Amino acid sequence: MNNNKNSSNESYTTDTTSEIENNYNKAIELVKNKDYDGAREIFKKEDIREYKDSQAYIYYCNAMKYYNLKFYGFAIERFAKCENILNAKELKDELLGIVSKYNGTYYYQHPQTSYLGYYMFVKDGKVDILSKSVADKVYYNYSFIGKYNENTKQYD
Numbered sequence: 031m032n033n034n035k036n037s038s039n040e041s042y043t044t045d046t047t048s049e050i051e052n053n054y055n056k057a058i059e060l061v062k063n064k065d066y067d068g069a070r071e072i073f074k075k076e077d078i079r080e081y082k083d084s085q086a087y088i089y090y091c092n093a094m095k096y097y098n099l100k101f102y103g104f105a106i107e108r109f110a111k112c113e114n115i116l117n118a119k120e121l122k123d124e125l126l127g128i129v130s131k132y133n134g135t136y137y138y139q140h141p142q143t144s145y146l147g148y149y150m151f152v153k154d155g156k157v158d159i160l161s162k163s164v165a166d167k168v169y170y171n172y173s174f175i176g177k178y179n180e181n182t183k184q185y186d
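With our numbering as the guide, the letters of the sequence shown map in order to residues 31 to 186.
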């Protein structure tokens, strides 16, 4: 009788593993077909989340979402966490090539006042803005850099 229970448990484990593998493969196909939201939902399920490289694929799906939205700073961070997945390393390097030339600290003095100025800190597609007002209060604003369009001389 014990053998039947073990046999039943082994069958259950095999069925579960097979189902996880099928879901994993389905999610990989969704990624290859650029359905990143659908793939991410499968990869995030409790039974598959820790299976093989599901976590890396979650980062890849998130990175591609940010990439498509032109939120390059977030995309670069996510691609860095999944460089072994598909073309993640190449896309990360491409984005760094685009945005790193703007890295630096910039200052703008408001033309109508001597007490209001803005510092802008740019690093790998992310922008922090610090402004100082008359009351010496400091405000931070978080923004992103999109792709620079050479024709219009603006960010898309």
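It should be emphasised that the hints constitute simulated quantities derived from the structure, not laboratory data. Possibly wrong hints are sitting among the right ones.
In silico lysine-lysine, BS3-like type, Cα no more than 25 Å apart, as pairs [unchecked claim]:
1. Lys64 x Lys131
2. Lys56 x Lys75
3. Lys95 x Lys82
4. Lys95 x Lys56
5. Lys74 x Lys131
6. Lys153 x Lys95
7. Lys111 x Lys62
8. Lys74 x Lys56
9. Lys131 x Lys82
10. Lys62 x Lys100
11. Lys111 x Lys100
12. Lys75 x Lys64
13. Lys82 x Lys56
14. Lys82 x Lys100
On a predicted model such as this, the values are computed, not experimentally measured, just so you know.
Quick rundown of the hints versus the structure:
1. Between lysine 64 and lysine 131, the direct Cα distance comes to roughly 29 Å. Violation of the 25 Å bound is thereby established for this hinted pair.
2. For the given pair, lysine 56 sits about 13 Å from lysine 75 by alpha-carbon distance, which is consistent with the 25 Å threshold.
3. The straight-line distance between the Cα atoms of lysine 95 and lysine 82 is roughly 22 Å, inside the 25 Å bound, and the hint therefore holds.
4. For the suggested pair lysine 95 and lysine 56, the alpha carbons sit about 19 Å apart, so the restraint of at most 25 Å is met.
5. Using a Cα cut-off of 25 Å, the hinted pair lysine 74 and lysine 131 is violated, with the two alpha carbons roughly 36 Å apart.
6. Between lysine 153 and lysine 95 the CA atoms are separated by roughly 20 Å; this keeps the pair inside 25 Å, and the hint holds.
7. Proposed proximity of lysine 111 and lysine 62 is supported: the alpha carbons are some 19 Å apart, at most 25 Å.
8. For a cut-off of 25 Å, the pair hint linking lysine 74 to lysine 56 stands: about 13 Å separates their Cα positions.
9. Taking the CA atoms of lysine 131 and lysine 82, the gap is about 37 Å. The hint is violated against a cut of 25 Å.
10. For the hint pairing lysine 62 with lysine 100, the CA-to-CA distance comes to about 20 Å; that is within 25 Å, so the pair holds.
11. For the hint pairing lysine 111 with lysine 100, the CA-to-CA distance comes to about 18 Å; that is within 25 Å, so the pair holds.
12. Note on lysine 75 and lysine 64: the hinted pairing holds, with a Cα-Cα distance of about 19 Å set against a maximum of 25 Å.
13. With a C-alpha separation of about 14 Å, the suggested pairing of lysine 82 with lysine 56 holds against the 25 Å cut-off.
14. For the hint pairing lysine 82 with lysine 100, the CA-to-CA distance comes to about 29 Å; that exceeds 25 Å, so the pair is violated.
Checked against the numbered hints listed earlier, the structure breaks hints 1, 5, 9 and 14; every other hint is satisfied.
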